[in-house]
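> Each chain is listed here by its residues.
There are 2 protein chains.
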Amino acid sequence: MNRLYLYDTTLRDGSQAEGISLSVDDKLRIASKLDDLGIPFIEGGWPGANPKDDAFFARLGELQLRHSEVVAFCSTRRSGMSAKADLGLQKVLEANTRWITTFGKSWDLHVHESLRTSLEENLAMIADTIHFFREAGRRVIFDCEHFFDGYHKNPEYALATVQTAAEAGAEWVVLCDTNGGMLPHQIQAVVETVQKFCKEKALTCGLGIHTHNDSETAVANALAAVMQGVLMIHGTVNGYGERCGNANLCALIPNLQLKMGFELLSSEQLANLTATSHFVSEVANLAPNEHAAYVGLSAFAHKGGIHVSAVRRNPQTYEHIVPESVGNSRRIVISEQAGASNILQKLADFGLYFERTDPRLQEILVRLKQLESQGYQFEAADASFELLVRESLGERKLYFSLEGLYTSCQTFPDQSVRSEATVRVRVGDKLQHTAAEGNGPVSALDSALRKALTDFYPQVAHMHLADYKVRILDGTTGTSALTRVLIEFSNGLKRWTTIGVSPNIIEASTRAIVDGLEYGLMSSGMHPTEKCLREILHQN
Amino acid sequence: MNRLYLYDTTLRDGSQAEGISLSVDDKLRIASKLDDLGIPFIEGGWPGANPKDDAFFARLGELQLRHSEVVAFCSTRRSGMSAKADLGLQKVLEANTRWITTFGKSWDLHVHESLRTSLEENLAMIADTIHFFREAGRRVIFDCEHFFDGYHKNPEYALATVQTAAEAGAEWVVLCDTNGGMLPHQIQAVVETVQKFCKEKALTCGLGIHTHNDSETAVANALAAVMQGVLMIHGTVNGYGERCGNANLCALIPNLQLKMGFELLSSEQLANLTATSHFVSEVANLAPNEHAAYVGLSAFAHKGGIHVSAVRRNPQTYEHIVPESVGNSRRIVISEQAGASNILQKLADFGLYFERTDPRLQEILVRLKQLESQGYQFEAADASFELLVRESLGERKLYFSLEGLYTSCQTFPDQSVRSEATVRVRVGDKLQHTAAEGNGPVSALDSALRKALTDFYPQVAHMHLADYKVRILDGTTGTSALTRVLIEFSNGLKRWTTIGVSPNIIEASTRAIVDGLEYGLMSSGMHPTEKCLREILHQN
Numbered sequence: 032m033n034r035l036y037l038y039d040t041t042l043r044d045g046s047q048a049e050g051i052s053l054s055v056d057d058k059l060r061i062a063s064k065l066d067d068l069g070i071p072f073i074e075g076g077w078p079g080a081n082p083k084d085d086a087f088f089a090r091l092g093e094l095q096l097r098h099s100e101v102v103a104f105c106s107t108r109r110s111g112m113s114a115k116a117d118l119g120l121q122k123v124l125e126a127n128t129r130w131i132t133t134f135g136k137s138w139d140l141h142v143h144e145s146l147r148t149s150l151e152e153n154l155a156m157i158a159d160t161i162h163f164f165r166e167a168g169r170r171v172i173f174d175c176e177h178f179f180d181g182y183h184k185n186p187e188y189a190l191a192t193v194q195t196a197a198e199a200g201a202e203w204v205v206l207c208d209t210n211g212g213m214l215p216h217q218i219q220a221v222v223e224t225v226q227k228f229c230k231e232k233a234l235t236c237g238l239g240i241h242t243h244n245d246s247e248t249a250v251a252n253a254l255a256a257v258m259q260g261v262l263m264i265h266g267t268v269n270g271y272g273e274r275c276g277n278a279n280l281c282a283l284i285p286n287l288q289l290k291m292g293f294e295l296l297s298s299e300q301l302a303n304l305t306a307t308s309h310f311v312s313e314v315a316n317l318a319p320n321e322h323a324a325y326v327g328l329s330a331f332a333h334k335g336g337i338h339v340s341a342v343r344r345n346p347q348t349y350e351h352i353v354p355e356s357v358g359n360s361r362r363i364v365i366s367e368q369a370g371a372s373n374i375l376q377k378l379a380d381f382g383l384y385f386e387r388t389d390p391r392l393q394e395i396l397v398r399l400k401q402l403e404s405q406g407y408q409f410e411a412a413d414a415s416f417e418l419l420v421r422e423s424l425g426e427r428k429l430y431f432s433l434e435g436l437y438t439s440c441q442t443f444p445d446q447s448v449r450s451e452a453t454v455r456v457r458v459g460d461k462l463q464h465t466a467a468e469g470n471g472p473v474s475a476l477d478s479a480l481r482k483a484l485t486d487f488y489p490q491v492a493h494m495h496l497a498d499y500k501v502r503i504l505d506g507t508t509g510t511s512a513l514t515r516v517l518i519e520f521s522n523g524l525k526r527w528t529t530i531g532v533s534p535n536i537i538e539a540s541t542r543a544i545v546d547g548l549e550y551g552l553m554s555s556g557m558h559p560t561e562k563c564l565r566e567i568l569h570q571n
Numbered sequence: 032m033n034r035l036y037l038y039d040t041t042l043r044d045g046s047q048a049e050g051i052s053l054s055v056d057d058k059l060r061i062a063s064k065l066d067d068l069g070i071p072f073i074e075g076g077w078p079g080a081n082p083k084d085d086a087f088f089a090r091l092g093e094l095q096l097r098h099s100e101v102v103a104f105c106s107t108r109r110s111g112m113s114a115k116a117d118l119g120l121q122k123v124l125e126a127n128t129r130w131i132t133t134f135g136k137s138w139d140l141h142v143h144e145s146l147r148t149s150l151e152e153n154l155a156m157i158a159d160t161i162h163f164f165r166e167a168g169r170r171v172i173f174d175c176e177h178f179f180d181g182y183h184k185n186p187e188y189a190l191a192t193v194q195t196a197a198e199a200g201a202e203w204v205v206l207c208d209t210n211g212g213m214l215p216h217q218i219q220a221v222v223e224t225v226q227k228f229c230k231e232k233a234l235t236c237g238l239g240i241h242t243h244n245d246s247e248t249a250v251a252n253a254l255a256a257v258m259q260g261v262l263m264i265h266g267t268v269n270g271y272g273e274r275c276g277n278a279n280l281c282a283l284i285p286n287l288q289l290k291m292g293f294e295l296l297s298s299e300q301l302a303n304l305t306a307t308s309h310f311v312s313e314v315a316n317l318a319p320n321e322h323a324a325y326v327g328l329s330a331f332a333h334k335g336g337i338h339v340s341a342v343r344r345n346p347q348t349y350e351h352i353v354p355e356s357v358g359n360s361r362r363i364v365i366s367e368q369a370g371a372s373n374i375l376q377k378l379a380d381f382g383l384y385f386e387r388t389d390p391r392l393q394e395i396l397v398r399l400k401q402l403e404s405q406g407y408q409f410e411a412a413d414a415s416f417e418l419l420v421r422e423s424l425g426e427r428k429l430y431f432s433l434e435g436l437y438t439s440c441q442t443f444p445d446q447s448v449r450s451e452a453t454v455r456v457r458v459g460d461k462l463q464h465t466a467a468e469g470n471g472p473v474s475a476l477d478s479a480l481r482k483a484l485t486d487f488y489p490q491v492a493h494m495h496l497a498d499y500k501v502r503i504l505d506g507t508t509g510t511s512a513l514t515r516v517l518i519e520f521s522n523g524l525k526r527w528t529t530i531g532v533s534p535n536i537i538e539a540s541t542r543a544i545v546d547g548l549e550y551g552l553m554s555s556g557m558h559p560t561e562k563c564l565r566e567i568l569h570q571n
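Sequence lines, in order, name chains A and B.
Residue numbering for the first sequence follows our numbering, starting at 32 and increasing by one per position.
Residue numbering for the second sequence follows our numbering, starting at 32 and increasing by one per position.
Honestly, the hints are just simulated from the structure, not real lab data.
Do not rely on the hints blindly, as some may be mistaken.
The list treats identical chains as interchangeable, and a pair is accepted whether it falls inside one copy or across any two copies.
SDA-like, lysine to any residue: derived pairs with alpha carbons at most 25 Å apart [stated by the list, open to error]: (1) K290 / Q259; (2) K290 / E223; (3) K525 / L513; (4) K525 / H493; (5) K482 / A512.
Since this is a predicted model, take the numbers as computed values, not measurements.
In isolation and in its complexed conformation, chain A is listed as follows:
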């Protein structure tokens, strides 16, 4: 069986989705997760198109990618100039990627209506651009934009773009259903013809497929192409993308690997699929789709007694795959066993190795379920999770305790706003009572807390809030529902994320801040009591 290549475009096509706006840090974090997952190609963005994409490529070196190639994306050269003269293409070279994906029009209508140029010039734009990148020593993927619509209207021209790209040196030619309107049987028929054409013309490029979900068949369309021998599959995590989204890798990967027998990821990587899906939705600040195939919270949820007992006797009766194979778990109200493998995996990440039968594992699971039922979700909050684990193990160190807080926010006649906070914090024997101002109540709280701690733990001066995200857990009752706050901290060397949940946004934020400062102290190797005692002795 031929090797299939996954090509992720979450950072480029995915970030076109309405409601998604990724910072450079977000993009780097997602790239790193995709690398862990084992995706061979990651489309990173369009160098030169905006400062964010430039910064992303400039900072790529910070990541130590082991499995993935990050690919730069761009259009073919502009009409009526040479590739060399097009400064946009220079910018792409400067991103210094080994692979470049360039896209061009395969639909005559678009050549006329969007590019407003001739059919010949469009072919020349494709050939010149690919030659230009090849001569600079780069490997090239060519995206045939609007290929299927183009093929239906003018098959000869659509095929001419494939031939032009392949002959100019593109190693992959990707057939794109840009408008997302195709159905699987249409994809299948067209791909079959393209395969024949490539054989006839002795083109050596591999074929790829890029589908959108406007007919709710993006995943099936990609599979139909694979059934016809296509070997590169484009998609995004959670199917994020413009309009109705792109083909969803979180469904495609298990369909291909578990049902069609392709080896794409190691079984350990595949078991990270659910966590990766949730991580990306957290970073994008979108509620995860609970009904998502394979990775959704409800994907393996069982209701009803007969159902549940049948599934317990023989899971095959009501489950199409083993949930753990994609890192999900069966969800039956009373099942405490669900999720044990995830936890074991997670603990191993902290350097804690347990037997599956260790009673402490059960304790952690019970505590975790309890918190999850209160709206906590630890996929994107590793620091809070580690604190929870250490607490269950009796290993959590008490650096300080927050005994009370007061925050206020007030407007003044000159239209200014002022926020301040006071906190009462116990460190060892000493009660600190401090106040601080901030841009808002949360930053005032953070300042007041750090002011209270800095005498004891000078490290807190280096910690700061790097990101702050809020989501309401039940969208039907608005601000009266539970508020979940995720806070990312940084000390300049390391980043960590904590979570707080409460009906009150201030309380939720406070919990996440307290966890964040505590985790920062713990991971800097500080021992609390001695230091506290020493400081206290010193001060008195």
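Following the hints, put chain B in place on chain A, whose structure we already have.
Only chain B this time, still in chain A's reference frame:
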């Protein structure tokens, strides 16, 4: 071309979805909408299974259905008794429907593991049940539960259940992928064999298909069956259903009608598809999926200037169907790349028609860019955008002005937290000074503001915050950076979204709340000054 029959199971299978709980009234309202849409079969529920389903069938006469048959659903008779002796089946007859769908096992594993009976007895249960209903003068549809899994393990037995049902008098035999694990090519191959089998055995039943979305291919699986000549298609509105849901009729119908040439609905009915989808999600109290194919808010959304001007010149360039054919519409998204074409289109949505050369258009663009550079993003905040436009045109009405606010949040020794807010609001000549508590400072603010306004604008009592999202705009400086708040409001009939940006989360939230209440008042057609004046005169 043979006629296809749509079969909706939103009220039965759809209501199994986690998070959905429909009252009898809800079910009746949905049935009535499905009738308007022109769905031939509506599966109403299982008479005798619960009081809600009984009440639904008892009250069916209240509806004057013109296009739909409401079908009762039930399992085959119990093992080891006659059909007549099974009181459950009597209950089903009492629902008095012309059509009854009964389901039985087609997978030998389930016969053994779930029913715990013999393969022969299961066939007898199928035959007896169908005979029983036929003798009572009812028309019968038979659902082959787990047909595809069953066929893969024991094809002879799975086919025997089809033959038994057809020979007992079922007019339709529906092949169900109950666990949702099949892929389109597998469905296609199995259905082909079943068709051959039916021909060989001279079975006269029609074949149906019932798919689930556990592989994210439910729609494509149903289409694959149709490609093989299946004539009845089961699905639910919005794909609601257990686990990952059922095949989504809102995608299936336009795929079949607009792309495969089947005549299912009149064009007027098809143009009600988007409204029906939104209606069902409102009744189910679930946020509509904005990225849904055909009916989602984003399904025909366009960003970016070149894109927008191309779609205006020729919509076919970027749209796979005419949005209005399914009752949706093109939506020009306002984003950083906004050019004049986007704005013009957007203004037209508000009923404001401008020439491209109108100087007011320039003013709006300038103001928009200014706000965007301050972190505003209007793509998800249509209501704030409309207010901005009306302000630029000098058409914004002043319903009230917030002159001051104070919020506080405090913890108490018993670990409780309390938030309260006071606001000073001017309405016309009158200064209202109110205070309220809330779960957090934002909900306290919202309550205090609405308390201040309710004497003047009783409509505010119906408005509530439906969702609240916060994002820090510059991820590197945390809570000291800009905070962007998006708030979704609802008045039970309509939803609208506003935005607020400020370094202070309370100020940002306040701006979004003020916009939201103002927009709610404006869109309810209220005139501010007169009403204010009248109230003020009345009160003094």
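> At most 25 Å between alpha carbons: which applies to K290 and Q259, within, between, both or neither?
This pair counts as both: shortest intra-copy Cα distance 16 Å, inter-copy 22 Å.
> Regarding K482 and A512, is the shortest C-alpha distance of 25 Å or less found within a copy, between copies, in both, or in neither?
between (32 Å within a copy, 20 Å between copies)
> Can you tell me if K290 and E223 fall within 25 Å by alpha carbon in one copy, between copies, both or neither?
This pair counts as both: shortest intra-copy Cα distance 22 Å, inter-copy 20 Å.
> Is the C-alpha distance from K525 to L513 at most 25 Å within one copy, between copies, in both cases, or in neither?
between (29 Å within a copy, 23 Å between copies)
> Using 25 Å as the alpha carbon limit, work out where K525 and H493 are close: within a copy, between copies, both or neither.
This pair counts as within: shortest intra-copy Cα distance 11 Å, inter-copy 47 Å.
Going down the numbered hints, you'll see the structure goes against none, and every one checks out.
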